[in-house]
Structure formats: C-alpha cells, structure tokens
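**Student:** Starting from the known structure of chain A, arrange chain B on it as the hints suggest.
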Amino acid sequence: MIPGRIARLALVLAAVAALGALLAVFAQVRTDLSFVVPRNPSPDAALLAERLQKGPGAGLLLVALTGAEPDALARTSRALAESLRRSDAFHLVANGEIDSLRGELDWLLKQRYLLNPPVAAGDFSAEALRRGLEESLASLSTSYGALTKQTLAADPTGRLRSVLENWAAGSGRQGQAGIWLSADLSKAFLLLWAKGEGFDLDRQEGLLADIAAAFDAVRGETAVAMTLSGPAVFAVGAKDTIQKDTQMLTITSVVLVNTLLLLAFRSLTVLLIILVPLSLGVFAGAFAVQFAFGEIHGITLAFGATLIGVAVDYPIHVISHGAVGPAGAAKASHLWRTLRLGVLTTVAAFLPFLLSNFPGLGQLGLFSAAGLLAAALATRFLLPWILPEPLSAPGGAWLKLEGLLPRLRHLRIPLVLLAGIGLATMFSKEQGIWEADLRNLSPTPKSLRDLDRDLRQEMGAADVRYLLVLRGETADAVLRESETLVPVLEDFRASGAVTGYDFAARYLPSAARQAENQAALPAAPKLETAMAEAVAGLPFRPGLFGPFVEDVARLARQEALALEDLRTAGLGWRVDPLIFQQAGTWVGLIVPRGVRDVEELLDFVRSQEGLSLLDLKTGSEELVAAYRNEALAWLALGGAVALLVLVFGQRSFRRVFRVLLPVLLAVILSSSVLSFSGVAFSLFHLLSMLLVIGVGLDYALFFERNAEDRQARRRTLRANVLCCMTSVTVFAVLALSQVPVLHGIGVTVAVGAVFSLLTAAVYAGWRTV
Amino acid sequence: MTSGTSPKATPKPRLALLLVLAALTLIPRMALGGNWDLAKLAEELSAAGPGTYRFLEERHLQVLTEPVRLEGRLSYEAGGRLIREVTRPRRERAVIEGNLLSIEANKVDPPVRILLSGQPVLSALVVALRATLQGDLALLQETYESELSGGSAAWSLRLEPKDADLRATVSALHLRGVESRIASIEVLETSGDRTVITLFGDP
Chain A
0 MIPGRIARLA
10 LVLAAVAALG
20 ALLAVFAQVR
30 TDLSFVVPRN
40 PSPDAALLAE
50 RLQKGPGAGL
60 LLVALTGAEP
70 DALARTSRAL
80 AESLRRSDAF
90 HLVANGEIDS
100 LRGELDWLLK
110 QRYLLNPPVA
120 AGDFSAEALR
130 RGLEESLASL
140 STSYGALTKQ
150 TLAADPTGRL
160 RSVLENWAAG
170 SGRQGQAGIW
180 LSADLSKAFL
190 LLWAKGEGFD
200 LDRQEGLLAD
210 IAAAFDAVRG
220 ETAVAMTLSG
230 PAVFAVGAKD
240 TIQKDTQMLT
250 ITSVVLVNTL
260 LLLAFRSLTV
270 LLIILVPLSL
280 GVFAGAFAVQ
290 FAFGEIHGIT
300 LAFGATLIGV
310 AVDYPIHVIS
320 HGAVGPAGAA
330 KASHLWRTLR
340 LGVLTTVAAF
350 LPFLLSNFPG
360 LGQLGLFSAA
370 GLLAAALATR
380 FLLPWILPEP
390 LSAPGGAWLK
400 LEGLLPRLRH
410 LRIPLVLLAG
420 IGLATMFSKE
430 QGIWEADLRN
440 LSPTPKSLRD
450 LDRDLRQEMG
460 AADVRYLLVL
470 RGETADAVLR
480 ESETLVPVLE
490 DFRASGAVTG
500 YDFAARYLPS
510 AARQAENQAA
520 LPAAPKLETA
530 MAEAVAGLPF
540 RPGLFGPFVE
550 DVARLARQEA
560 LALEDLRTAG
570 LGWRVDPLIF
580 QQAGTWVGLI
590 VPRGVRDVEE
600 LLDFVRSQEG
610 LSLLDLKTGS
620 EELVAAYRNE
630 ALAWLALGGA
640 VALLVLVFGQ
650 RSFRRVFRVL
660 LPVLLAVILS
670 SSVLSFSGVA
680 FSLFHLLSML
690 LVIGVGLDYA
700 LFFERNAEDR
710 QARRRTLRAN
720 VLCCMTSVTV
730 FAVLALSQVP
740 VLHGIGVTVA
750 VGAVFSLLTA
760 AVYAGWRTV
Chain B
0 MTSGTSPKAT
10 PKPRLALLLV
20 LAALTLIPRM
30 ALGGNWDLAK
40 LAEELSAAGP
50 GTYRFLEERH
60 LQVLTEPVRL
70 EGRLSYEAGG
80 RLIREVTRPR
90 RERAVIEGNL
100 LSIEANKVDP
110 PVRILLSGQP
120 VLSALVVALR
130 ATLQGDLALL
140 QETYESELSG
150 GSAAWSLRLE
160 PKDADLRATV
170 SALHLRGVES
180 RIASIEVLET
190 SGDRTVITLF
200 GDP
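Residue numbers (numbering that gives the first Met the number 0), protein chains in the order written: chain A, 0 to 768; chain B, 0 to 202.
Simulated from the structure, these hints should not be mistaken for lab results. All C-beta atoms, glycine included, are put in the ideal place defined by N, C-alpha and C.
Covered stretches of chain A (chain B as the covering partner; in silico rule of three or more C-beta atoms under 8 Å from a C-beta of chain B):
| # | stretch |
| --- | --- |
| 1 | 71-85 |
| 2 | 145-157 |
| 3 | 539-553 |
Chain A with its partners taken away, still in its complex shape (with noise of 0.2 Å):
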C-alpha cells in the first residue's frame, strides 16, 4: 500500500507544479495604480485618474549628477543629453542650455511675431525700435553676444527673447540660460521627458537600463554619480519591491510554517500533503482572476499568496483529527460538515466584493473566494486519497492545556468590558481612524518618494496639485476662452494668490490672437522708414536688416499656426499635456502654482460657467475613501450573507450567538489595539479584517462542536493552536514587508489570529454537558 500511496503523492505534486508553470506563463501582472481606479467614472474622476497615469508628471524624470567638481558636472551633463538626444526616445531632454533647442529656436524664430507675447502697432514706432537696437547693440559686448550676432540681421529688436522668456514664465523657471546647477554648485540637474504614454512597465524599465548604460558611457573615469526620480522609477520600483517581497515572504513562510508542522506532527510526508490543497488554493484563484479579468495585480497576487496562512488551517484540522481510513469516515463527515460551514461563511462574505465598481476590489474578492473553495475542496477530496494513516491522539503538553480551558471561562465578562473600552477609544479618535491619503497605499518605497520630492523642490519641479478645466467644441475654442482669462490670472499673479500659472494658449495664440499680431505688423515701406529714423546714428552696417523687413512681411501674410504645427516643429510637448481632447470633447488645463489661497481661486472658478477646478490631492483622497466606502458596503452585505450561511448551518440562534460573540470581539480588539498604536486603516485593513473572521470562525465553530468529547476536544485544541500558530507566523513574516499594503494585511491577521483564538477558547472552549 505504500508505494501506491507515495506514489500518489508523487503525481499529485507534479499535477500542483504544472499549475504553477501554466499560472506563470499566463498570467498578466499589473502594478501600478490601475488598481484603485474605479469602473464607471464621472468625467471629472476619469480626468483625474488620466491625469494621474498621463498628466504633465507622467513620462517626467528627474536626473540629478553628483559626487564631482562643478566642472566635471557640468561637461557630464552636456555629454548625457547629447547622447540621450541621439536615442531619440524623449521628447525633451533639457539640461539648461541654449543649445538644447537649437532646431526649435529656428521655428521659434521663424514664427515670433504670430507666438506671444501680444504684438502692439506701438512695438514698430521709431522710438522702440531704437530702444530695441541698443539694447541688441549692448548685448553684443557681453560675453554671449555671439547669439544675438546670429539673429541680429533677422531679429533686431530682440522678439525672440521675449518669446523664449514668455514660454520660461510658464514653467516657473527663470530662463537660466545656461548649465543647470544646484545653488551649491553640488548637483547637476537634467530635466527628461519620456516619449510614450500609459504605463508599459517593460518599457519603462528598458528606458531606465538605456538611461544608466548612456551614463556609463559619458562618464568616464570621473566620479560623477547619477541618481533618477519620477513615475517610471516609481513603477519600476514598486515593483521590484513587490517581486523581491514576495519571494522572500514565501520563501521564509514556507520555511517557517514547515518547521511548525514537521515539529508538530513529525512527518515530511504530511508537510508535503498540506501543501497540496495550499496551492491549489493559491493557483485556483489566481486563474479565476486571470480568467475573469484577463489580468491580476500584483497586489492581488501578493494578498492572495497570504490566503496560504487561511487556507492551513484546512488540512491541519483534517490531519489532527485522523479522520481518515474507513474508520475515520464518520468523523470524517462530522470535520468536514463543520469545515463546510466555516469556509461557505467566509467564501460568502468575499463574494459580493465581485459587484464591487473598482476592478481591484472585484480581484481580491475573486481571489479570496475562489481560493479558499478550491483549497476546502482539495482538503476534502483529494486529501483522503493521499493521506497516511492517521495521527495519534494528542497527550503531554496538550493534555495540560487543555485542563485550562475550563478557567478561561473567567475572561467572558472582562474581555467584553475590554471591548467596550477599545471601541469606545476608537471613534474617539481626532483624526478618525482612517488613512486618507492616496500615496501610503502606493507599492513605492518611502525611501523613493522623499528621494523624488528633495529632487522637485531643488529643481522647482513642483508636483501639481490644482487644476483649472476648461471644456469646448475645438482646440481653437478652448485657446480663445482660456485668453479672456488672462486678466484676472494676471491680478491673481499680480496679488500673491499664484506665483505663476501656465496654460496652453501661452505657447499656441487662438486663431484670433494671431490675427491681431498679424493686423499690428507694419507694412514694408511704413517700416523701412521707421528703421532708417531708428537706425540713425547707430553703428549698424547699412542694408543689415532687410532679411527683418522681409520677415515681418512675411509673417503679416502667413496662415496661422495650429496644434499641428508645433508637434511638427517638435515643441508639441509643450502643450499637449495643456489641451487635449477627452471623450469628445476638447480639454485645456490652467495649472497654477504656488496658490496661496484655493478660495480665492474657487470663488472665481465659481463666477465663471463652463470652468471647474480639480484638486490632484483631494480629490485622490476622495477615490480612497469611495473606494473603502464602497468595501464598507460590500462588507456589511457579505457579512449580512455570511450570517444567513451561518444560522442555516448551526440550526440555533443560540449556537450561532456562541460562535458569533468570540468572532466579533476579536474584531474589536485587534482594531482597538491597533488603532491604539497608531495605524491608520486602510481598504486592505477592512480586508483582512474579513481574513481575521475566517480565521476566527474556523476557530470557534470547531471548539464549539467538538467541546463534549475530550478526545475530540483535545485534538481540537491541537488543530486550533497549530492553526492559530502557522497563520501568525505567516502574517508576521508578512508584516515585515515594505509594501503598505503588505504590511498593513500581515499585522491586522496576525495580531487578529492571536486574539480570535483566544476569544474562540474562551466563549466556545468548554461546555458542561
């Protein structure tokens, strides 16, 4: 009989390793934070969520060169974006010098006088044109006079500058003509923008190999260090975290909770069947969701591996119980009637999440479910036809923990005094119990996001947090509507409510702007004779400026220029994070800076129709706390559902009131303990909390059936502590991740587990008969 049974084993850990390999080569993993975006959105929550994977921050990167003298630096810079130039996969790479836009400074130039800032009949008088000439006359004695040398015969007013200092104003840096350095000379900065859009998390990561390996290159033998920041780090990193802490949390639970079992029972060949059902359980869900969804997030998958700290607890009780062989069939059947019931309590409370409108609440209930079905399957029927003979009955130490359950019965009252306490503590609670803020559920390591923001606030790259949208039939519309709004941005800046504010009709006039420029443009003659009075007594070559009269004329005749244009010239970049078109429609953006006072702005947002104001920040709160008020939701009908299960099951509301008591007060304590500590909760708290019930359930439920026997009592007791022992190692190790989310999942079980049991001992431990 044994070698047919190894020999079972054998097959059935093959057919288990195969699933893995399926499950890897087709499952498609996501982590970025399509998991917290919502099905169905309003146009403003779709705008924010594209704004939020797409916006002006998306295909940013920060480079930051350190470690050498200014000298040093600043030849490694120009050497880098030469060669990131050359790769011709960013749209900008801009290091601070003049040189960087040489193509776009002839468009530029070519186009001045139909680009902003707004062309005056005034500009072509006599007198300004002088002023214009000495000013360009001055400017060719300093020590970059070469550039206005270059334009002197085209521009002699200097238009060029103004334009290029108008499209500076925009992004708040002061036009730095020139290498940019940190104020201490100790950093060299570059400013990359990524071609491509969404979140591609291969490409991302070629792009930052291609990034360091050109650094490798220009650097040489210096010393010079490079250090990246932005969304594709973010992304790349988060999920390196999660890949490196999901194999080291498997790895060091799967070490550990072997230990526990081989200690406990003495057998690998056991350890190896309990595997079994866990896998299952894992890969079960896992093709659910991918089937489902055609996609699992990694949070998923990581959430789902925790299930293994549940899923235990299946085979455990099976094993302790030796309900196998012919004549353990009829406790067989008692075990698996009881497991039945824990697990249909906790498979209905996970289900309803699949209702859910975010697509990864819809996954983790998915996974749950399905997971946890197909490990209580394989425990009922696959266990028993690999199973050994079964385990002797438990003595010694077991024997004197049991002789204690009876004086636990004199915790009932203080525990439920406890828990009145620690709820009451809770919603005491100044800042609520709840985590708000979008960012502590990101898989990024902290250590990324303050290296990000040190970099923004050094470089003036600020994150965005206010926008104003402005919606319409055509580009062109939406450019016109923003300029009547120029004024009052004007006194906005002019009065300290905003530094600065950027739009995109700042880089591309409406039709009608354009057409003024145009109509201020001189004729030929009318500005020949102005040059001829403006030039007099200046030591100009004569002749020097007809390439200038001949542009001017050019330009009043020119068609105007459209978003096309720019993209061709290369600047699209520019503007099109500005103005877009969304659903139908044509989207443009006015992104202010430093707002001193959002009332200020939401008054005048107000006053005006057709204008909304989106807050990057809250109104990122606000999709965490929708999404976690709809769990909350969800949560109560699961439960609803559950306890219908449950009383079906149990037959007596008394019964089901013992069982029940032990479960919802473990709930309480744990959440008070720690809330006490200082843990704000989150959706994925709310979610283990349901992994806790399950635990806590399977607890209470077999001390509660099994509480007349001693001998089943006691075996009861083993499976219960071994249980109760595998899932807090599991969620311990869990706890040490550096994941939130992870985090956040491994204390609330773990701390949860340890309560449950000791609830489900007290109230369901023992029974006089």
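**Tutor:** For chain B alone, coordinates are given in the frame of chain A:
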C-alpha cells in the same frame, strides 16, 4: 724670438683679433636667437606667475561699422582660474574655471553657467591664454599649430587650431608680447569678425 716689432704692423692683427672676438661673441647671440624658442617663451611666461591686468577690448564685427569697445580687468590666478571684469560699457563679471564659464550681469540674477566647449571663440581664447600663462607647452601644441617669430624683446606667436570643428569658426589667434608679458591677443574668426584685446601691466 722675434727681432723687434714695427709699430705699424701690430694695429692690423689686433683689430682683426678684436673683430674676431666681437664676431665670436656676436655669433653665439645670433645662434641663441634661434635657440630662444616656444619652450623658452613658455618658461618665461610661466615664471611671471599670476597677476591682474587692465584690458581694452575691441570687437570688430561684420554687422557693425564701428568696433565695440570694452574696458576692464583680467585676473589670472594660480591654478588656472581666469576672472574677467568688464567695467565699460556694461558691468559684467565672468569667471572661467576649468571648462565652466559663469557670467554674472548683476548681483541680483543668478549667474549663467555655460560650458566653454560650446563657445568656440571663447574656448580658443581661453586655451591660448591658459597655455601661455601657465607655460603649458604641451597643451598649446596639442591644440594649435604654432609659429613664433621675433625675439625675446618683442615676440609674435601665431596659433592655428588643429581641430577641424574649431577651425570652422576660428581661423587663427595672434599673441604679441614683450619678454615675459603678453601685450595683445587677437582672435580672427572665419566669419570675418575680429577681436583684439590689449593688456596693460598695472590694474
């Protein structure tokens, strides 16, 4: 043993001897005039060490009918740092350290930082200045084809860039000096523009 000398016979040989002696002393000097070369000049210049000079700069530009005139002070420090302060017509302070040029127009705005390697004319000038003031013969010969004429008392050094890219903008530099002091630097650009900087000893 001679049987007596006639006074008429001695002047000629003595004169000849004097002439020969004079010639002998002169010849070495003339030979030394050939031995006084770039290396020697570099040595003398570097021996002069760091200093501050007043300068007058004239930029002859194709676009203008008159040259632009600048006045200021130029300091050369040990270690190769150059500081140029323009006092007229517009105040400006430029510090050149290594490959980095930092320009301050006034105390308010932050300095503009430019890589020298992006400014061919300026770069050529700085290399020439540094190489000569530091006596860095190797650098000079690496960057330029040099032609030295004149002597220690008044010399003229013509430099032509070796690098093709640089040659596209700068056709030649002319340094003129007296002994261990550079008196003037002239930069000739291929565009026809010309810059002449005259240096005066006392700031």
